[in-house]
Amino acid sequence: MRLSPWGRRRRETELDEEIESHLRMAADDRVAHGNAAKEAAYAAHREFGNVLLVKEATREVWGWGLLDRLGQDLRSAVRSLKRSPGFAVIAVLALGVGLGLSTTMFAVLDAVVHPYVAYREPDALFEVRWWFGRHSPMTPVELYRYVRDETRSFEAVVPVAFDGLVGGAGGQAEEVAILRVSPRYFAALGVRPRLGRALTYADEGSVVVSSGLWRRFFNGRRSLDGATVELGSQVYNVVGVLPRGAVASAALLLLPASVEAGGADAAIHVTPTVRLRHGVTREQAKAELQSLARLLTDRFHARGAPFAFELRPLVGSRADLQDIHKAMVGSALAVLLIACVNLAHLMLARGLAKRRELALRMALGASRAAVVRQMFAECVLVTLGGVAVGALVAVWGADVLQNRMPPEVSWVGLVQPQLSWRVFALAVLASAASAVVFGLLPAIRVAFALNVNEPLKEDSGTTTGRQRQRYSPLVVAEVALALVLMMGGGLLLRTVYQLQREETVPGAHTLFNAMVATRPADSAIALRPQQLLDAVAGVEGVREVALLVFHRVEGAAITAEMSQDSARTITMRDYPLVSPSFVRVLGLPILRGRDFLPGDAVGTGVAIIDPIAAQRLYPNQDPVGKMLKLGAPASQAPWVPIVGVVRSPYVLDADGRNAP
Amino acid sequence: MSKRIPYRDRIELLQGTLDLLILQTLRWGPQHGYGLSQRIRLSSGERLQVDTGSLYPALHRLERQGWISAEWTVSEHKQRTRIYRLTASGRQRLTAERSRWAELSEAIAGVLRPPRGSEA
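These protein sequence lines are chains A and B, in that order. All residue numbers for the first sequence refer to our numbering, where the first residue is 1 and numbers rise by one. All residue numbers for the second sequence refer to our numbering, where the first residue is 1001 and numbers rise by one.
Simulated from the structure, these hints should not be mistaken for laboratory data. Hints should not be assumed to be uniformly reliable.
Taking CB as the label site, the calculated pair distances span [stated by the list, open to error]: (1) B:1066 x A:52: 37 to 45 Å; (2) A:368 x B:1106: 50 to 58 Å; (3) A:243 x B:1065: 53 to 61 Å; (4) B:1108 x A:49: 23 to 31 Å; (5) A:52 x B:1076: 25 to 33 Å.
Yeah, the Cβ is synthetic: ideal placement off N, Cα and C, and Gly gets one too.
With the hints as extra help, turn the sequences into a complete structure.
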C-alpha cells in the first residue's frame, strides 16, 4: 500500500466519507426499526463513539502517526512563537549572531593553520636559494641549469623569476606581482587553471592570472573572451585563471625560452623550484645540494666566498598558532558561550512564563509527553531560525574579511578564511543542546510536577523567589563571560591603536621607494652609489634621496663586543647599508648619539642601531662608542663602532652602516 | 429478530480476535464497515459488542497487511460505500488464525477444567 503524501489527503477524505456512510446506514437502520430520524442519527452517532478518536486511530494505522504529531506540534509552536514575536526575534538573533561570529573567527584560524593550497603534494615542493660571494662567477640562469642537470633528488626542476609591474584592466590598476615561469611549471607543481589553460612555449603575449586578480579586474566572470591585461607597457591576453590558493603572485608570464635551452639572454634572476622525488627526504636533497655547492666552489675557485644552497619549502610550514590566534580562539569560544547562555536564559524565562499555560493544557487532558513535545518543537524552531541566521552571518563575515577590510587590517584578508562546516556543525550542536536543555527544563518540571494545581494558582508570568535563586548561576556565568570578552577586546583595541601610532614615521606619505631596474647591458658596470643618488636626486619633485642596500651578514649573526667568555649576538641574515642621508630623509628620531656624518665613510664605516638591538647587544649600557661586528663571533667580519641609536620603522633589528 | 442485549452487557473484544472475526465474516462475501459490525453482532447472537472505535482501524490495518482489499462501489441506495473483501493471502491467514484460536481455547479450557472428583 502506498503511503505517499499525495495519497494521504485522498485517504483522509475517503475515511471521512466512509465513516459518514456508516453513520448514515446506522441511522437508516434505526429509522427502519421505528425510531424518529433525529433520534436515530443521534443514537447512531453515540453508538459509534468518538469520531475524531476513530480517525486518529486509523491514521496511526496508516503509519503517519509520528510525523503527523510532529507536524501538529510544529504548527502550534509556530503559532505560539508568533504570539510572542519579541522573544522569537531576540532568541534567533542571539543564536544566529553568536554562531556566525564564532564560525567566522574559526574560519580565519582554520585558514592559518591549514592553508588551502592548490598544488599537488605541496610538502614536496621547495625553492632553492643560494648564496655566493660578492662577485658571482655565474649567472643565476647558469646556476639554475646546474641544479637542474647535476642533481638526482628532484623529480622536476623548474625556473621561476619574480617581477613586479604596474598592471591594469578595465580602468583599474594596481601593482601586480609577476611570476615568470616556463610551461613545465604547471605540471611540476600540479596546478591547473580552473578557467582556460596553462602557458605553452608559444605564449609570448599571454598571461595566466590568479583568482584574486581575476576577481578584482574582471569581477570573476566565467568567460575568458577578450580579456586582456596591460602589464608594464605591454598588453597580454588572458588565457587562463588559476584556482584559489595557487600562487602568491597575481600573474604568470612566460620566461624566455633561452633560460631552459641555453643562450645569450641569460641575465634574468631565476630561482629553481623543485619537487622532491618520491622516497627522497628533504635531508637527502639538502645533502646533495651541499655536495653540489662544494663542487661548484672547487670548480670556480671560490674558496673565499663559497657557494651555499638552501632548500626552502615553497608552501610556508604550518604557521604555529601565535598568541593572537589563541586570543581569537578564546574570544570565539567566549562569543559562542555567551550566545548559548543567552539562549538558555531566554528559553528558561519563556518556559517559566508559560508554566501556567502548560499546566492548563495538562488539566484539559494533554498528556505529559504532548506538553513536553510542544516545548521541544518551539526549541527546534528557534534553533533552526538561529542556524539560518548564523549561516548568513558566517558567509557574510567571511566575505567581509576577504574583500572589504580597510587596508590597515588587510592581512586578515590574505589569509582567505575557509568556512569550516565542521566548526559550524559543532557550534550548531552546542547551541541546539543549550536551547533544548534549557527550553525543556521548565516544561518537564511542570509536566512531572506532583501538584498540577500549583502553577495554575500563581499569578501568570511571575517567578517565585525559589525559582529565581535556582537560575541565578546562569546570570552570573553570562555576566562573567561578557566581562571577560569586553576586557579582552578592549586590550586588543588598545594594542592595535598603539601599534598604529608607533609604526608611522612622520611624513610617511611623502616617502617613496624608487626601484631601480638595471638594463642587462649595464650589469657589468658597478654602479657607484653616489652616481645613483645624484641621478635620482635630479628627478623632478624629489627633495632628498637616501640609499638602502641589503648586505649579507657573514655567519648569519651580528656580534657585540665580546667579554671574557661570551658574546651577545643577534641572528639576522642581512643588514641594511645606507647612504649618510638616510636617517635624515626618513626623519627617524635619534635616541642616543648622533646621525651619520659625511666623514664616516672611511675605512669600515660606522653603525647606527635601533633600540631593540641596543638592548639585546648591550643591555643596560650605552652602546654608543662600543663596537659591533657584522658577522658571527667566529667570522672575519670587521668591527664597526656604534655612533648612534635610532628608532627604526623596520620590524627586523635594523642597523645601518655607512655606504663606502 | 433477536432480543437486543443492553449495551453494557456486551463483551469487549480483544484486538487479535477482532481481526479473526472480520476475516471470518468477510469469508461469506464482501461487506462494508457498518455491515460488518452488524453481521458480527448478529452472528454472535448479540453477545459480541464490536467497538467501532477499533473496527475501522482494524479494517485499515488488515488492508495494509494485504489480507483484505477494499474498493468504492455504489450501493443500492445510490450512495458510495467502501466494500472490503477477503484476499487469497487473507484466506490463508484466516485458516492460520482459526487453528490458533482453537489451540488457545483448548488451552484455556484445560486450565478451567474441573479436576476429577471436585466442583460439579
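Q.
Need the list of violated hint numbers for this structure, in ascending order.
A. 1 and 2
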